[in-house]
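> Sequence:
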Amino acid sequence: MFPILSVIVLAPLAGAAAILLLSGLHIIGKENQAAPRAIALASTVISFLGSIWVAWEFYQYGGGGILFEEPLSWAGRGGQWLAGLGASYHLGVNGISASMVLLSGILGFVAVIASWNIKERMREYFTLVLVALCGVFGVFATLDLFFFFLFYEMASIPMYFLVGMWGSSRKDEQRTVTREYAAMKLLLYLQLGGAMILVGALGMYFGSSARSFDMTLLARENFPVELQRWLFPLLFLGFGIEAGFWPFHTWLPDGHSAAPTALSMLLAGVLLKMGGYGMVRVAMDLLPDGAAWWLGGGGTILSKVFIFCALINILYGALCAMHQKDIKYIIAYSSISHMGIVTLGFASRGVTGINGAVFQMFSHGVITALLFALAGLIYEKSHTRDITQHGGLAARMPILAVFFYLGGLATLGLPGMSGFVAEFLVFLGAFPMYKYVTLAAITGLVLTATYILRAGEKIFLGPLNTKYEAIGDVMGIEKVHLYTLTFFVILFGLFPTLLINLSNPAVTPLAQKLGGLLP
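In my numbering, the protein residues as written are 1021 to 1539.
Don't take each hint at face value.
[What the hints assert, rightly or not] DEER-style ranges, computed between Cβ atoms: (1) Gly-1084 to Gln-1409: 50 to 56 Å; (2) Met-1495 to Val-1325: 45 to 51 Å; (3) Leu-1247 to Thr-1408: 51 to 57 Å; (4) Thr-1470 to Gly-1436: 38 to 44 Å; (5) Met-1495 to Asp-1406: 58 to 64 Å; (6) Tyr-1456 to Leu-1041: 55 to 61 Å; (7) Thr-1470 to Ile-1497: 32 to 38 Å; (8) Thr-1320 to Ala-1460: 30 to 36 Å; (9) Met-1495 to Asn-1521: 36 to 42 Å; (10) Thr-1320 to Gln-1409: 30 to 36 Å; (11) Asp-1493 to Pro-1267: 39 to 45 Å.
Rather than coming from a laboratory, the hints here were simulated on the basis of the structure.
Please read all numbers here as calculations on a predicted model, not as lab measurements.
Ideal placement from N, C-alpha and C gives every residue a C-beta, glycine not left out.
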């Protein structure tokens, strides 16, 4: 079988290597802007098209289990790298993985388009972006925890350099956030989460009879319940830190405020989803008894701590977004709120809620990438992210205004948009188990409408600020990523079964293991 997953994962890495090699041979000079762009675009287009193929084949298959499995037998030695440690290069996807691979393919492509105007150290910039994308694809495609951790680090570490070197600093009347501070804070939090994940993975490794990192073998292990209760919170919280889990969320607003536009799209679009994916695919799937206890099944206050943290994420993130003036901070706190909805869906432990959480990860990734792309264009044209300094821009930027309101209405859950389907499924699945928590969480939708409509009013409505009489609308290549992201927001809003039927075959057996509600 054609190794499509290896092509998807390694195409960005090959692109990064090509840029470095051609630069080292002086074929690509410092002033050559076209070549690095073209190589990065070609690499991400290959991964994008491959991800569509994987998702379509999985959708047509309609069954559960693992597809496109690659134990590297086509490269000799059966793919058994580091065999003495029980580690191997082993790729394969289920329905949840395929959804995230598709999301990464979309956002990798549009991130390169959004980076088209990068001019400073372009070769190094695109090299780091492509290495990070290889790590992201690898996290979603690997079936080995050892390589999962390697890909996790490959995705995380380039973010430090990208924020620290190409980011921007922010100063207001309250505090100053330099790009160096934001980069260091981002890396430290991600490494804290990574350390917890590593401890949890080693706990499963030494607790398994096979002494293996292979996730397909670990899923069949009957770990002692007490061991699961110790390991599950380590893994769930470790991944939660990367998903913006309260109270370890503070890296997220500062990181987004300092990051360049394309990196903000990747941070919110796929890096947060690596955390959410790890929660469900590693922590919950491999430690189902521990998950059932810690996600409300233990009958104690302690066993409900993650559920209450999810509620805090939803409400706290929305309340903070309401009080921000910086458009990127508004979107960042919105991400914290919406990732709380993901956690609530997982905590429901039922088919409907978990399907909703997976849908929310995909939907939020696309919607938030769209909003950050718009925020970047607004800043590029007006030279400020302070929404109180704008006003009336719809008169000069009608196309951008339309896209902003489409993205805003999608994030507040307008029917016909992907955000509505995701949130509806999560609340529908969570209500039978956590009635009062769900009702409280639904109030977050009202808060979401408040901060989104407030931002739209401050930026686009009212009289035109005279400073922006000569400002122009989006043009040319600036429209490509806006149209692409909006297309997927509407596509999966109108035809949600395209995504639900992708994840459901993997979610149903997981819900059975967790003792959750079935359809």
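> Which hints, by number, does the structure contradict?
Hints 4, 5, 8, 10 not satisfied by this model.
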